[in-house]
Amino acid sequence: AQKITQTQPGMFVQEKEAVTLDCTYDTSDQSYGLFWYKQPSSGEMIFLIYQGSYDEQNATEGRYSLNFQKARKSANLVISASQLGDSAMYFCAMRGWYNNNDMRFGAGTRLTVKP
Amino acid sequence: DSGVTQTPKHLITATGQRVTLRCSPRSGDLSVYWYQQSLDQGLQFLIQYYNGEERAKGNILERFSAQQFPDLHSELNLSSLELGDSALYFCASSVDPGDYNSPLHFGNGTRLTVT
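These protein sequence lines map, in sequence, to chains A and B. Quick note: the first sequence uses this note's numbering, first residue 1, plus one each step. Quick note: the second sequence uses this note's numbering, first residue 1001, plus one each step.
Hints in this document: simulated from the structure, not taken from any laboratory. Quantities reported herein were computed from a predicted structural model and do not represent experimental measurements. We put the beta carbon where it would ideally sit given N, CA and C, even for glycine. Don't take every hint at face value.
As the list claims (entries may be wrong) - So, partial list: chain A residues that the calculated Cβ filter (under 10 Å) puts toward chain B:
#, residue
1, Ser-31
2, Tyr-32
3, Gly-33
4, Ser-42
5, Glu-44
6, Tyr-50
7, Gly-52
8, Ser-53
9, Gly-62
10, Ala-81
11, Gly-85
12, Ala-88
13, Arg-95
14, Met-103
15, Arg-104
The following block holds chain B by itself, in its conformation from the complex:
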């Protein structure tokens, strides 16, 4: 158990809808990362937050947004969903985002299916 909690585990929704994915980092970790894993794109970095502030953006679509709250949990909002958004979405956390020697600890992921 990595200590990172993601909910829900599975999400099935229709095209055009909006969903929210939730993540609680490991106790003591201040930084949260969101990744998308799809069959054709592999693991893609979406966005990173540190202590409530956005720190880095990766390949995140404009239809997607995220935030980190004062209690350090994070939410990833996906809107105007398309079939191609179907993927496994991971949240990961780390203590110090600047420490390149530290691993990221991943949650179990949210599997999103858009129909």
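Isolated chain A, as found in the complex:
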């Protein structure tokens, strides 16, 4: 079974500062993909970044980077230089080689960027 845990229901960050959103996962799959999505108040789910279980380098996409620590089974999202528009819910998710029929999501973290 796969399980995603996001332990921070809410986070605050000052504009222009960096913030780390935590995500840990549990899976019996050896091969899997980890994903982060952003859900603004308007409701849509926006794909941000992906990390493969065999990738040795941490993924980066613009101001987003994924701090992947495989041994600890953690895949934290780092947002640099926060902007007011980053205020949203953020979901960590995974798909596994064995359980690839669906994507499992964590409970989410609500990020609020303060001006």
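With chain A held as given, fit chain B onto it using these hints.
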């Protein structure tokens, strides 16, 4: 814009009624996924179709059913609606359902309110 189209955006109906939610996947995507997002349950996988065939079932109630048509659009049918069915229903699509490294691309969702 993810390229996934969901209609309608909002739906208000009474208990006991039946509704149909519609989804058109991204061009080229053969697989469609349905998710339910409620406040207390988070994002729950309901069902997946690939090229017209049901591929996987998640936490889908017997009152709910879905299908994928030859043109690859999909419909989610919800019947005998209850107050607890009020939620945001997402459709997502991907090219290859077996590729665990691929993200799911989500539509903007249909917000269902049962009164």
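Hints not upheld, ascending by number: 9, 10, 11, 12
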